[in-house]
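The opening position of the sequence shown corresponds to residue 8 in our numbering, with each subsequent residue numbered one higher.
Read the hints as simulated data drawn from the structure, not as lab findings.
Where a beta carbon is used, it is the ideal one built from N, C-alpha and C, also for glycine.
Hints should not be assumed to be uniformly reliable.
[As the list claims (entries may be wrong)] SDA-like cross-link-like pairs, simulated, lysine to any residue; straight-line CA separation at most 20 Å:
id, residue 1, residue 2
1, Lys117, Leu46
2, Lys56, Glu13
3, Lys117, Glu99
4, Lys56, Gln15
5, Lys56, Leu46
6, Lys56, Glu95
7, Lys117, Ile55
8, Lys56, Glu96
9, Lys56, Glu104
[As the list claims (entries may be wrong)] Now the in silico label distances, taken between C-beta atoms and shown as ranges:
id, residue 1, residue 2, range
10, Ala83, Thr59, 46 to 54 Å
11, Val125, Phe47, 17 to 25 Å
12, Ile31, Glu112, 19 to 27 Å
13, Arg64, Ile124, 17 to 25 Å
14, Pro53, Ala91, 30 to 38 Å
15, Glu96, Ile55, 21 to 29 Å
16, Phe47, Ala108, 24 to 32 Å
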Amino acid sequence: MADGGERQLRWYQGLTRYHWLVLIIGVLSWTFDCMDQRLFVLSRQPAIKDLTGWPQREAQLRPDIEAAVTEEVRAAVQAGEVEAAAQEEEVEQRVRERLNAVYEEELRNKVDSLGDIVTAL
Numbered sequence: 008m009a010d011g012g013e014r015q016l017r018w019y020q021g022l023t024r025y026h027w028l029v030l031i032i033g034v035l036s037w038t039f040d041c042m043d044q045r046l047f048v049l050s051r052q053p054a055i056k057d058l059t060g061w062p063q064r065e066a067q068l069r070p071d072i073e074a075a076v077t078e079e080v081r082a083a084v085q086a087g088e089v090e091a092a093a094q095e096e097e098v099e100q101r102v103r104e105r106l107n108a109v110y111e112e113e114l115r116n117k118v119d120s121l122g123d124i125v126t127a128l
């Protein structure tokens with residue numbers, strides 16, 4: 008048993024300079040590893056869109072899709088299915104959904120064609 012006169016050291020009071028150095032290096036490497044993973048996640052989607060040429064393709068497709076969706080929403084407002092106040096939001100939502108569907112289909116086709124090329128090799 009410890010005497011009442013002995014003072015208990017806290018966990019960090021017995022560490023040498025070398026221990027602190029190892030602790031700091033470990034903390035920094037873990038922090039930078041997590042930051043690296045987060046940067047990869049943040050840059051993945053824009054990088055894939057740029058590699059597939061999606062911004063140019065979207066600029067070509069958007070006017071036609073917006074025109075078709077605007078007509079659909081206008082007909083839905085006249086039929087009472089959509090409120091007039093929510094018309095713009097409905098148009099934006101439907102345009103986004105259609106563009107995402109086209110993007111997914113084109114990306115799937117490119118991946119399939121890449122698979123065919125790899126298989127042929």
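For each hint, the structure was consulted:
For the suggested pair Lys117 and Leu46, the alpha carbons sit about 25 Å apart, so the restraint of at most 20 Å is broken. As the CA atoms of Lys56 and Glu13 are separated by approximately 66 Å, the hinted pair breaks the 20 Å bound. A distance of roughly 27 Å separates the Cα atoms of Lys117 and Glu99; the hinted pair therefore is violated under the 20 Å criterion. Distance check on the hinted pair: Lys56 and Gln15 sit about 59 Å apart at the alpha-carbon level, beyond 20 Å; violated.
At roughly 16 Å between alpha-carbon atoms, Lys56 and Leu46 fall within 20 Å of each other, so this suggested pair holds. Among the hinted pairs, Lys56 with Glu95 is inconsistent with the structure: their alpha-carbon atoms are about 26 Å apart, more than 20 Å. Proximity of Lys117 to Ile55 is assessed by CA-CA distance (about 12 Å); at most 20 Å being required, the pair is judged to hold. Proximity of Lys56 to Glu96 is assessed by CA-CA distance (about 24 Å); at most 20 Å being required, the pair is judged violated.
Proximity of Lys56 to Glu104 is assessed by CA-CA distance (about 16 Å); at most 20 Å being required, the pair is judged to hold. Distance hint for Ala83 and Thr59: a CB-CB separation of about 32 Å, inconsistent with the stated range 46 to 54 Å. A hinted range of 17 to 25 Å holds for the C-beta pair Val125 and Phe47, which are about 24 Å apart. The hinted window of 19 to 27 Å between Ile31 and Glu112 is violated, with their beta carbons roughly 50 Å apart.
Arg64 and Ile124 have their C-beta atoms about 21 Å apart, which keeps the hinted 17 to 25 Å range intact. Separated by about 36 Å at the C-beta atoms, Pro53 and Ala91 satisfy the suggested range of 30 to 38 Å. One distance hint, 21 to 29 Å for the beta-carbon pair Glu96 and Ile55, holds here, with the actual separation near 27 Å. As the Cβ distance of Phe47 to Ala108 is approximately 26 Å, the hint placing it in 24 to 32 Å holds.
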